[in-house]
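**Q** Each chain is listed here by its residues.
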Amino acid sequence: MQTTFPRLLLNHAAQRPTETAMREKEYGIWQALSWADLAVLVEQLACGLHQAGLRRDEHMIVIGANRPRLYATMLAVQSLGAVPIPLYQDAAAPECVFPINNADVRFAFAEDQEQVDKLLEIREQCPQLSNIYFDDPRGLRNYDEPGLMAVDDLLAAGKAFAAQHQEFLQSEVSRIKPDDVAAMFFTSGTTGNPKGVVHTHNSLLNRAKAGADFDKLTHSEEVLAYLPPAWIGQNIFSYAQWLACGYVVNCPESAATVTIDLKEVGPTYYFAPPRVFEGLLTSVMIRMEDAGTLKRNMFQFFMSVAKRVGPTLMDGKPVALADRVLYALGNFMVYGPLRNNLGMSRVRVAYTAGEAIGPDLFSFYRSIGINLKQLYGSTETAVFVCLQPDNEARADTVGVPCSGVEIKVADNGEILVKSPGLLKGYFKNPEATAEVLTPDGWYHTSDAGFLDAHGHLKIIDRVKDVGRIKGGANDGAMFAPKYVENKLKFFPHIKEVVAYGDGREKVCVMINIDVDAVGNWAERRNLPYAGYTDLAQKPEVYQLIKECVEKVNADLSVDTLLAGSQVSRFLVLHKELDADDGELTRTNKVRRGFIAEKYDVLVDALYGGKTSQFIETQVKFEDGRTGSISATLKIEDAKTFTPVKAAA
Amino acid sequence: MSSTSGAGPSQGVRTPAGGSELHGVKSVGANKHIGDVILDVKNISLGFGGVKALTDISFDVREHEVRAIIGPNGAGKSSMLNCINGVYTPQQGSISFRGKTFSHMDSHAVAVMGIARTFQNLALFKGMSVIDNIMTGRNLRIKSNLFLQALRIGPAQREEEQHREFVEHIIDFLEIQAHRKTPVGQLPYGLQKRVDLGRALAMEPQVLLLDEPMAGMNVEEKQDMCRFVLDVNQEFGTTVVLIEHDMGVVMDISDRVVVLDYGMKIGDGTPDEVRNNEEVISAYLGTGH
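Each protein sequence line maps, in turn, to chains A and B.
No gaps in the numbering here: position 188 of the first sequence is 190 in the working numbering, and each next residue is one more.
No gaps in the numbering here: position 8 of the second sequence is 1163 in the working numbering, and each next residue is one more.
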């Protein structure tokens, strides 16, 4: 049945008024907000905004961290038939100008002084921005800008209006249709201006429901809302699915307390990008290193049991009785307490997405009994395209198409999607819409991939980055740079990798070692070093990296599609790639083209067969000064393997 | 922070701001209502045996202002604060607080009158949690007796809850929620300084004496601390007297500055006046060499 966000809210408020809708930790206590309270809050906000002049189809931005009032404002805006646009709370002021002007925004909800300052800073560029409402008044006492107002005052005005117009909210909500626009999300374009992705009530709620059905989510789930509200994933997990299922969303006290709050809440449904899982694992490992010998040995013993038995058990496959007993013992002594410490004792379903996750990292969580799975989706598809079923979670796929989704692989390897959750279009940008959305309803993901023998989708790389090997033994073989780079980056000793091979006869890579991990490794071997540049050129380090590269090659050789992408030669760079030097993007992605130009001598040396190459590079220090680093880099060959044809 | 508003008796004395103070906290004092003299130090002299720590020092502190005391090492800055809150008894001179004149201050009486201080070398209880440390600042305001408190009977329990709530507001104000239950000894120095400030705030002081609140901090910690000091001053109207070494900090956040050198006052005025005072330049800021 098709519905809308505000209607779902009113249903919950009518059917289960006293049950908790949201919690926020404040002054050390989890303060609960019931569905009925929430409905009243939304009514007052909606009345206040209506009185202030917010009209149907108009856009309003909300900017701030996860707070009940931020989500209530989104609901209030939607109740009036207007469209909320959540913006990233850590965006710099100039980045907010485009969305505000693009959507001709007059109304804004800002969490606190930081966000208000940001909006006031760009007010000259956005003259139409007339009403700014702030939630937390701290530090704003002396602000005297026209149109700046506390949410408390807005609520008071709304309350007075609501008292005179009892049926206002109901009648407004009843006018909204499922196909009306519900929200807009700006995606950070790598080039040019960001694009506003327009979603309807139906597209978001349809996907929310599909995901909920897939994992059998109920109203008794607990979720911690800690990722930016502007991100579609957060919107789906803490807003669309929240209203669709009616579970409890918990807002942490502050960004710094998330790990503490996680433990206190004990979510049952959890989402995190791979880096969060990695961070948690690292903190556990560091604490284990500091533990006593007995504990450490116990941990190591049971973790090896978990590694052997855990994933199989998780997948529901048969396991020998002795191993079952051992695992049960381990669960009692190690895995249980560990899950508790991670705040994941109650996790029934956990997802990770956004980037590739290392196989070791992935199986670590599954081995200690956390049902971690992967999914595939984007802002344009309202997240849920593919999901991994409970017993089929694997590190290298992103799952099977979920209900309502059709998937087709284009001739160039691009994945095309048809789903009820597709965007309505990009806001005021028909050209961009036409580029991704064909008239017959297929959405171009610009990801290259394929469906494997079990019907699981496997993502290789961005379509535009996928190339071909030219000449040599592997002529015409597919080359996916990011796939190769990620495989190498999964080794803890390797921090960054840049792979080349498109239009060339072999694949060569430039590597950044992880100075902490390798430094630690060197210390344990009594290997003295002066700094990054020195450490990077140690023969022992080259040997270490070579082993990693050859493991990746062995792994690639059994891959039917990408056996030709095996790495022939590599070098370890003399400096760490840095966003300040333009080598990485601000989100820490390697800029392959720029690096190839900047280090053209190295690329030439790699392909020219040289065994060493001198290089001098200008670097920018954090304080703005510049200096130079020079070194003679060794270049080594790595063993490649004859492709193993799939045993079929 | 509406419920913290009870913290300062002078809530709401500030005039509404003009348009100039919109973006940040820099222009302190531009439109701040500074009141009458609240603390008046007259002709204070303090010696330890033959060593003259302070010689005939006089200055005043007005309500709601940020008053800095600066000077080179050994100039007598901390001794001055110690005289004000009764740790030292000066041989000569007097100190007036809200019109009452004292020839020497009694530490306990000073605290009751509403003067709180933080310490240069952190006098915190290292093994106790952040909450408990700040709670000690509520000591003067806890009315129920030890016996009731120990047994947590009726009124003592209610009182404890009220004080705990107040402490939670301070924790929120200082943004140390993540460390509420951490033993103070485990916290980095910058955060310990914040806890020290929190404990002083727990007294709901009218005058806050800060002894080198930014000493030993990195730039970021200093910025945070500056913001908290200014927030305390602006949100609660608390008068602040601070000793500080970092000239940038002093010039940015204080309304008026007293300069001491070898126990004597060599300058007094706004940051600009002090900055242009020849004697101050040669004694403290240094001549070009």
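Hints listed in this document are in silico derivations from the structure and should not be mistaken for laboratory results.
Where hints are given, some of them may not hold.
Label-pair restraints from in silico Cβ distances [unchecked claim]:
(1) A:147 x B:1255: 36 to 44 Å
(2) B:1257 x A:162: 34 to 42 Å
(3) B:1400 x A:530: 36 to 44 Å
(4) B:1263 x A:530: 39 to 47 Å
(5) A:28 x B:1263: 44 to 52 Å
(6) B:1217 x A:59: 53 to 61 Å
(7) B:1400 x A:28: 34 to 42 Å
(8) A:626 x B:1382: 46 to 54 Å
One side only, chain B facing chain A, incomplete, derived with CB under 7 Å [claimed, not checked]:
(9) 1323
(10) 1332
(11) 1333
Even glycine gets a Cβ: it sits at the ideal position worked out from N, Cα and C.
**Q** If a hint holds in the structure, say so; if it does not, say that too.
**A** Quick rundown of the hints versus the structure:
no., hint, in the structure
1, A:147 x B:1255: 36 to 44 Å, "holds (43 Å)"
2, B:1257 x A:162: 34 to 42 Å, "violated (53 Å)"
3, B:1400 x A:530: 36 to 44 Å, "holds (39 Å)"
4, B:1263 x A:530: 39 to 47 Å, "violated (59 Å)"
5, A:28 x B:1263: 44 to 52 Å, "violated (35 Å)"
6, B:1217 x A:59: 53 to 61 Å, "holds (55 Å)"
7, B:1400 x A:28: 34 to 42 Å, "holds (37 Å)"
8, A:626 x B:1382: 46 to 54 Å, "violated (24 Å)"
9, 1323, "holds (4 Å)"
10, 1332, "holds (5 Å)"
11, 1333, "holds (4 Å)"
Hint check: violations occur at hints 2, 4, 5, 8; the rest are consistent with the structure.
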